[in-house]
Each structure stands twice: as structure tokens, then as C-alpha cells.
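Produce the entire structure from the sequences given, and follow the hints as far as they go.
Under the numbering used here, the residue at position 48 of the sequence shown is numbered 59, and the numbers go up by one with no gaps.
Be aware that a few hints might be false.
What follows is a list of derived Cβ distance ranges for each label pair [to be verified]: (1) A93 to F14: 22 to 30 Å; (2) E103 to V62: 22 to 30 Å; (3) R19 to K52: 14 to 22 Å; (4) I71 to M100: 38 to 46 Å; (5) P57 to E78: 28 to 36 Å; (6) P29 to A72: 14 to 22 Å; (7) D51 to G13: 16 to 24 Å; (8) G13 to E88: 52 to 60 Å.
Taking lysine-lysine pairs in the BS3-like style, the calculated list, with each CA pair at most 25 Å apart, reads [stated by the list, open to error]: (9) K23 to K47; (10) K52 to K23; (11) K77 to K89; (12) K89 to K101; (13) K104 to K89; (14) K50 to K23; (15) K30 to K52; (16) K47 to K30.
Worth flagging that the hints you see were computed from the coordinates, not collected in a lab. Glycine residues also receive a C-beta, built at the ideal position from the N, C-alpha and C atoms.
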Amino acid sequence: MGFTVEVRVGRKRTIVIPKAIAESLGIVEGGRVVLKVEKDKLIIEPIPDAVWLALHGEKIAEISWKEVEEISVAEQEKYIGAVRQKASMKEEKHVEA
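Structure follows, in C-alpha cells:
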């Protein structure tokens, strides 16, 4: 589907993307786009958000649920160890005082 639309450049060089074009490309308020300059042309490309990419984007790696669980347990153990270490350091300072 091709669109050619003329828009006005506003204050501070603001360009408003027409609703039909924004909707067709999935551009939403607060979304991000890439601006590219090629010769004398400006190209605006939408950047899909992370959730959309996770659900619909190209898969470049694979991990099993077991691996996810193992990583999660390891990270939780590191966190718990750090919390315990902080608590024991506070306890030692309290005893010294």
C-alpha cells in the first residue's frame, strides 16, 4: 500500500504524521521512529516496541523453560546472598557501636 501525502513543517520543524499513515505503520503517540537521510530524501521508519518484537519479531535465540528456571534460581540466590551480606554488615556495625 503506497501513500503520498504533503504535510506542513510547523514550529521547531515539527511534522505531523497523518492518522491513516500512522495507523498503517503502527506508529503511536510516544512511539519511536528512525530518521534516515538518503541523498535528498528523509525516510521515517517506525521502531517496534520491545513487547511487540518479543511477540511478533524474528526469533534469533531459543531458550527452554528449564534454562529460564535455572537462570532465575541462580539470580535469586545471588540477590539473597547480597541481602544477607548487607544485613550481617549492618549487624556487625551495630555490635561494634
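Worksheet item: Straight-line Cα separation of K104 and K89 no greater than 25 Å?
Response: holds, 23 Å
Worksheet entry | E78 and P57 - C-beta distance against the hinted 28 to 36 Å | The hint (28 to 36 Å, Cβ to Cβ) holds, given that P57 and E78 are roughly 32 Å apart.
Worksheet item: CA of K47 to CA of K30, is that 25 Å or under?
Response: holds, 21 Å
Item to complete: Confirm or reject the claim that D51 and G13 have a C-beta distance inside 16 to 24 Å.
Response: holds, 20 Å
Worksheet item: Taking 25 Å as the top limit, are the C-alpha atoms of K23 and K47 close enough?
Response: Within the cut-off at roughly 19 Å; holds.
Practice prompt. Take the C-alpha atoms of K77 and K89, compute the straight-line distance between them, and say whether it is at most 25 Å.
Written response: holds, 19 Å
Worksheet entry | Consistency of beta-carbon spacing, F14 to A93, with hint 22 to 30 Å | violated, 54 Å
Worksheet item: Could one say that the CB atoms of I71 and M100 fall in the range 38 to 46 Å?
Response: Given about 42 Å between the Cβ atoms, the range holds.
Worksheet item: Are the Cα atoms of K30 and K52 separated by 25 Å or less?
Response: holds, 22 Å
Practice prompt. Would you check the hint for K50 and K23, treating anything up to 25 Å between C-alpha atoms as holding?
Written response: holds, 23 Å
Discussion item. Taking 22 to 30 Å as the stated bounds, is the beta-carbon spacing between E103 and V62 within them?
Written reply: violated, 44 Å
Worksheet item: Does the Cβ-Cβ separation between R19 and K52 fall within 14 to 22 Å?
Response: Between R19 and K52, where Cβ atoms are some 18 Å apart, the hint holds.
Figure legend: structure checked against the earlier numbered hints; hints not met, in rising order: 1, 2 and 6.
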